[in-house]
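So the sequences go chain by chain: Z and P.
First residue of the first sequence: 87, per the numbering used here; consecutive thereafter.
First residue of the second sequence: 9, per the numbering used here; consecutive thereafter.
Derived from the structure by calculation, the hints contain no laboratory data.
Note that the structure is a prediction, hence the values are computed from the model and not measured.
The C-beta atom is built at its ideal place from N, Cα and C for all residues, glycine as well.
A few of these clues could be false.
Cross-link-like lysine to aspartate or glutamate pairs, in silico, EDC-like; alpha carbons within 20 Å at most [what the hints assert, rightly or not]:
#  : chain 1 : residue 1 : chain 2 : residue 2
1  : Z       : Lys156    : P       : Glu78
2  : P       : Lys98     : Z       : Asp161
3  : Z       : Lys234    : Z       : Asp219
4  : P       : Lys98     : Z       : Asp193
5  : Z       : Lys187    : P       : Asp205
6  : Z       : Lys156    : Z       : Glu190
7  : Z       : Lys187    : P       : Asp107
8  : Z       : Lys94     : Z       : Asp161
9  : Z       : Lys93     : P       : Asp107
10 : Z       : Lys227    : P       : Asp107
11 : Z       : Lys185    : P       : Glu78
12 : Z       : Lys156    : Z       : Glu201
13 : Z       : Lys234    : P       : Asp114
14 : Z       : Lys185    : P       : Asp107
15 : Z       : Lys156    : Z       : Asp219
16 : Z       : Lys227    : P       : Asp172
17 : P       : Lys126    : P       : Asp114
18 : Z       : Lys94     : Z       : Asp206
19 : Z       : Lys234    : P       : Asp68
20 : Z       : Lys94     : P       : Asp68
21 : Z       : Lys156    : Z       : Asp113
Across the chosen pairs, the derived CB separations fall in these ranges [to be verified]:
#  : chain 1 : residue 1 : chain 2 : residue 2 : range
22 : Z       : Asp193    : P       : Ser69     : 52 to 60 Å
23 : P       : Gly122    : Z       : Asp206    : 20 to 28 Å
24 : P       : Gly195    : Z       : Lys227    : 43 to 51 Å
25 : Z       : Pro225    : P       : Ala88     : 23 to 31 Å
26 : Z       : Lys227    : P       : Asp48     : 45 to 53 Å
27 : Z       : His158    : P       : Pro176    : 45 to 53 Å
28 : P       : Ser69     : Z       : Ala223    : 18 to 26 Å
29 : P       : Ser69     : Z       : Ala115    : 40 to 48 Å
30 : Z       : Glu226    : P       : Ala88     : 43 to 51 Å
31 : P       : Asp185    : Z       : Asp181    : 45 to 53 Å
32 : Z       : Ala115    : P       : Pro95     : 43 to 51 Å
33 : Z       : Asp193    : P       : Lys117    : 25 to 33 Å
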Amino acid sequence: MIPTKDKKARENEDWVACISRIREAQDEAAFARLFAHFAPRVKAFLMRSGADATLAEECAQEVMATLWQKAHLFDPSRASAATWIFTIARNRKIDALRKQKRPEPEDLPWGNEPEPDQADVLALQEESDQLGDAIAALPEKQRVLIEKAYFSDLSHSEIAEQTGLPLGTIKSRIRLALDRLRHAMK
Amino acid sequence: MSDKQIKHHLTDALLVAYSAGSLPEAFSLTVATHISMCDDCRARLGAFDAMGGAMVERCDSVAMSVGSLEATMQRIRAAAPQAAPAPRRKSSLPHPLQDYIGGDLDAVKWRSVGMGVKQAILPTSRAATARLLYIPAGAAVPDHGHRGTELTLVLQGAFVDEVDHFGPGDIEIANEDLNHTPVADIGADCICLAATDAPLRFRALIPRLAQPFLRI
């Protein structure tokens, strides 16, 4: 199995292992590896969302500290490390930049098995990687719109103002992009 | 809390915006409450979160300051141990909504808006308004104008309007184009969570414009 797997998918599993070493053994070396990879990305995400460099630096540190503190809540059969870190960074962004709370859905009783099923973990990590490929393969115009929706904190009407495109076109383009993503996932 | 009978779901646009964190708080509350009741939309949100993750993973990066790792380790060491969340009391309402009410339905501070209909505004940021609506069985919501987008999520009972029948967990997404008169199902009183991004005005509060009180 392993030689056929692509580099990114193995990297995803590696990040999962790092987070479990933080949870099990407060492993600072594992944290340092996660930090080197993810902190600069989180900082870029926050700056593209409108934070200045100082605020983005501070928030990125807080996001990574939250990762350490909440390592026991990470479930690799439900999200990749990047997805989980994105959700922490997104919540920090709402709090710090928009001064709002973010109501979270009620958590499901996911069951009390201490370790998620390994096959579920592998499948989820590979699918996350394929989704990344699918986004990278999108036509430029569609990818830019999705990036704006996630990074720039723009409403649909604001996206329309920025690009000079009519609102309906934007909405249908976003839907088209998501449709293509779904098919690429199959 | 999930219900297999839900047939009116969130749109992709709302899920993307909730995942990206760009909705006003009142809309986020309504989306989070629907997802608490709807496994389909929960799964779709998971896919949109994964899209956010994929973009963080593959986007550019900005170098952290010198010494930032050590500064972060110091934050971790200085942080107070995380307190376990307080146990929740059993409730008929999804958790995100309970948090905004500060309890169950019996804790809601209803105010009459006329003709048997009551409402309670929930404390959110002012960019949009979230409120609970209590509509007696068979009664109509007083005619109200909404200039922006209005989300209406059924918590208990059901309502019918020109579009369809909406039961527990169903969400109606209306914009300026929709002129609707929701009428509570005759079977039971209807309780909804409604979010609007423009200030909502009950025209029926002005007596001369009062709409006839529909009884089925």
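Hints, verified against the model:
| no. | hint | verdict |
| --- | --- | --- |
| 1 | Z/Lys156 to P/Glu78 | 19 Å, holds |
| 2 | P/Lys98 to Z/Asp161 | 26 Å, violated |
| 3 | Z/Lys234 to Z/Asp219 | 18 Å, holds |
| 4 | P/Lys98 to Z/Asp193 | 14 Å, holds |
| 5 | Z/Lys187 to P/Asp205 | 17 Å, holds |
| 6 | Z/Lys156 to Z/Glu190 | 16 Å, holds |
| 7 | Z/Lys187 to P/Asp107 | 11 Å, holds |
| 8 | Z/Lys94 to Z/Asp161 | 19 Å, holds |
| 9 | Z/Lys93 to P/Asp107 | 43 Å, violated |
| 10 | Z/Lys227 to P/Asp107 | 40 Å, violated |
| 11 | Z/Lys185 to P/Glu78 | 28 Å, violated |
| 12 | Z/Lys156 to Z/Glu201 | 16 Å, holds |
| 13 | Z/Lys234 to P/Asp114 | 42 Å, violated |
| 14 | Z/Lys185 to P/Asp107 | 18 Å, holds |
| 15 | Z/Lys156 to Z/Asp219 | 28 Å, violated |
| 16 | Z/Lys227 to P/Asp172 | 36 Å, violated |
| 17 | P/Lys126 to P/Asp114 | 14 Å, holds |
| 18 | Z/Lys94 to Z/Asp206 | 17 Å, holds |
| 19 | Z/Lys234 to P/Asp68 | 14 Å, holds |
| 20 | Z/Lys94 to P/Asp68 | 16 Å, holds |
| 21 | Z/Lys156 to Z/Asp113 | 14 Å, holds |
| 22 | Z/Asp193 to P/Ser69: 52 to 60 Å | 31 Å, violated |
| 23 | P/Gly122 to Z/Asp206: 20 to 28 Å | 53 Å, violated |
| 24 | P/Gly195 to Z/Lys227: 43 to 51 Å | 49 Å, holds |
| 25 | Z/Pro225 to P/Ala88: 23 to 31 Å | 49 Å, violated |
| 26 | Z/Lys227 to P/Asp48: 45 to 53 Å | 29 Å, violated |
| 27 | Z/His158 to P/Pro176: 45 to 53 Å | 34 Å, violated |
| 28 | P/Ser69 to Z/Ala223: 18 to 26 Å | 21 Å, holds |
| 29 | P/Ser69 to Z/Ala115: 40 to 48 Å | 21 Å, violated |
| 30 | Z/Glu226 to P/Ala88: 43 to 51 Å | 47 Å, holds |
| 31 | P/Asp185 to Z/Asp181: 45 to 53 Å | 35 Å, violated |
| 32 | Z/Ala115 to P/Pro95: 43 to 51 Å | 36 Å, violated |
| 33 | Z/Asp193 to P/Lys117: 25 to 33 Å | 27 Å, holds |
Taken one by one, the earlier hints fail for this structure at numbers 2, 9, 10, 11, 13, 15, 16, 22, 23, 25, 26, 27, 29, 31 and 32, listed in ascending order.
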